[in-house]
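Going down the list, the sequences are from chains V and H.
Numbering follows full-length UniProt numbering, with no gaps: position 152 of the first sequence is 152.
Numbering follows full-length UniProt numbering, with no gaps: position 254 of the second sequence is 254.
The hints are simulated quantities; they were obtained by calculation from the structure and are not laboratory data.
In silico negatives: residues of chain H with every beta carbon more than 10 Å from chain V: (1) Gly33; (2) Asp190; (3) Val264.
Among the chain V residues that face chain H by a calculated CB cut under 10 Å, a handful are: (4) Asp15; (5) Gly17; (6) Leu141.
C-beta atoms are modelled at their ideal positions from N, C-alpha and C, and glycine is treated no differently.
Number of protein chains: 2
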Amino acid sequence: MLIDGQPADRIPVSDRGLQYGDGLFETIAVTDGEPRLWEAHMERLTQGEVRLGFPLQDKSLLLAEARELISDTKRGVLKLLLTRGSGGRGYRAPHDATPRRILTLHPWPDYPDAWFTAGIRLRVCETRIGRSRVLAGLKHLNRLEQVLARNEWDDPEIAEGLMLDENDLVVEGTQSNLFMLSEGCLSTPDLTDCGVAGVMRRLVLELANQLGIETVTKKLTLQEFKTGDALFITNSIMGICPVSELEERRFSVESIPERLVLSVQKQAFGKV
Amino acid sequence: MLIDGQPADRIPVSDRGLQYGDGLFETIAVTDGEPRLWEAHMERLTQGEVRLGFPLQDKSLLLAEARELISDTKRGVLKLLLTRGSGGRGYRAPHDATPRRILTLHPWPDYPDAWFTAGIRLRVCETRIGRSRVLAGLKHLNRLEQVLARNEWDDPEIAEGLMLDENDLVVEGTQSNLFMLSEGCLSTPDLTDCGVAGVMRRLVLELANQLGIETVTKKLTLQEFKTGDALFITNSIMGICPVSELEERRFSVESIPERLVLSVQKQAFGKV
Numbered sequence: 001m002l003i004d005g006q007p008a009d010r011i012p013v014s015d016r017g018l019q020y021g022d023g024l025f026e027t028i029a030v031t032d033g034e035p036r037l038w039e040a041h042m043e044r045l046t047q048g049e050v051r052l053g054f055p056l057q058d059k060s061l062l063l064a065e066a067r068e069l070i071s072d073t074k075r076g077v078l079k080l081l082l083t084r085g086s087g088g089r090g091y092r093a094p095h096d097a098t099p100r101r102i103l104t105l106h107p108w109p110d111y112p113d114a115w116f117t118a119g120i121r122l123r124v125c126e127t128r129i130g131r132s133r134v135l136a137g138l139k140h141l142n143r144l145e146q147v148l149a150r151n152e153w154d155d156p157e158i159a160e161g162l163m164l165d166e167n168d169l170v171v172e173g174t175q176s177n178l179f180m181l182s183e184g185c186l187s188t189p190d191l192t193d194c195g196v197a198g199v200m201r202r203l204v205l206e207l208a209n210q211l212g213i214e215t216v217t218k219k220l221t222l223q224e225f226k227t228g229d230a231l232f233i234t235n236s237i238m239g240i241c242p243v244s245e246l247e248e249r250r251f252s253v254e255s256i257p258e259r260l261v262l263s264v265q266k267q268a269f270g271k272v
Numbered sequence: 001m002l003i004d005g006q007p008a009d010r011i012p013v014s015d016r017g018l019q020y021g022d023g024l025f026e027t028i029a030v031t032d033g034e035p036r037l038w039e040a041h042m043e044r045l046t047q048g049e050v051r052l053g054f055p056l057q058d059k060s061l062l063l064a065e066a067r068e069l070i071s072d073t074k075r076g077v078l079k080l081l082l083t084r085g086s087g088g089r090g091y092r093a094p095h096d097a098t099p100r101r102i103l104t105l106h107p108w109p110d111y112p113d114a115w116f117t118a119g120i121r122l123r124v125c126e127t128r129i130g131r132s133r134v135l136a137g138l139k140h141l142n143r144l145e146q147v148l149a150r151n152e153w154d155d156p157e158i159a160e161g162l163m164l165d166e167n168d169l170v171v172e173g174t175q176s177n178l179f180m181l182s183e184g185c186l187s188t189p190d191l192t193d194c195g196v197a198g199v200m201r202r203l204v205l206e207l208a209n210q211l212g213i214e215t216v217t218k219k220l221t222l223q224e225f226k227t228g229d230a231l232f233i234t235n236s237i238m239g240i241c242p243v244s245e246l247e248e249r250r251f252s253v254e255s256i257p258e259r260l261v262l263s264v265q266k267q268a269f270g271k272v
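Only chain V is shown next, with the shape it has when bound in the complex:
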């Protein structure tokens, strides 16, 4: 674990990340000592810095620190947490804020192989996502809605929960983005009003376009989403993971274009 480049595992109570969730994070796949999709993660982090009014971090310093931490890691998960640092009077941020960089390394999650071959069960969460345009798209530290949604179920047979917003629109999974394939067209919920604009979501859209697969970003109700020929979820660690079951509907895993899955695996994890 590195805090501002130094080995450490504690932060001051005054840190605004703790006090207000005033910060951002990135969850980055590591293979063979390298952070994957680094540029895309840094672009999203920069968007967050701009939107929250943080001074911009030197991304080459972040990369050097990341490499120091993960140099011996064959396969793992790097979590990069950036808070606004300490200080300020109440909610008001200090003008001269010095953000705090926290890098932690975690084991690769033991997702069952069957998730990727047979697909996962997806449930619909009762916890809604509040629509908050100013925070939409960002991977910020205000994640109580996701915590409450994930705590709704214990059944290990259910891999992920789908979250709706307060207007009954499909947004995302608790820790993933959602895609629907319908008559060859790939759709994913519009995230203008809420939700995390995942790095893997972006990669999937880009690669689908390159492969000539039509893509659409739009408002989707749960009923529309369930009419898909195939559904899948994405995040930076899973890549693409097919959905086999959502409420009363069953979905065919085979309808997901293999060339898209392989292309994503290659770009995201270096698998050939």
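Here the structure of chain V is known, so what remains is to put chain H in place on it, guided by the hints.
Same frame as chain V, but now just chain H:
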């Protein structure tokens, strides 16, 4: 500063308060070595514990720790922060979570006397509050919207910002609740969908009722709110603070019933 009853000023990076804003807080006025409105603060904290699924803390232990910290304090602000503690896999909380209690003591803010005699200027923030019923009312650690709203202005002549929700309804100030007096009736925004149910807000409603002042909790648009004969803001440290100006409208400070202000001061701060 006390963490779990011990003098300390750092928490583990693994704390879910930092990772996800998975926690609650209370900002408590201290006078003559005593926390004020302790029971009301503990009732709200308990509601938060129940809603977030925390094991309930022993409130007498919290009181003992608070008293230890503030025993020599003539006048100050006690911040009590309660996180879910460390652990869990991702957003999912551990079944055996051990919440972390963080008590910090801060100086009384130097609010100008004129705020209370002549009233404050209130502005309307651009940052909206997302409607999220599952979190509504709680004083939780997901406060990025308030941080962004408070960062909208620098002018020290403006004391507070009014926040609207995504449906254009008045919710609260960045760090206060809002009240409108109109033809002798005291109205405050309904907080079913979002906002913090302030301890001082509750006290003001209770005391107004005791004094025979009609009170209403309802949905309020900005236009309606501006039609008030008088406006004021409340929080646990300020008590009642009158508003003299909101956009093009000027408000009379004298219309706020003195018996209500005195009654609140006595209950909240022991002033007679």
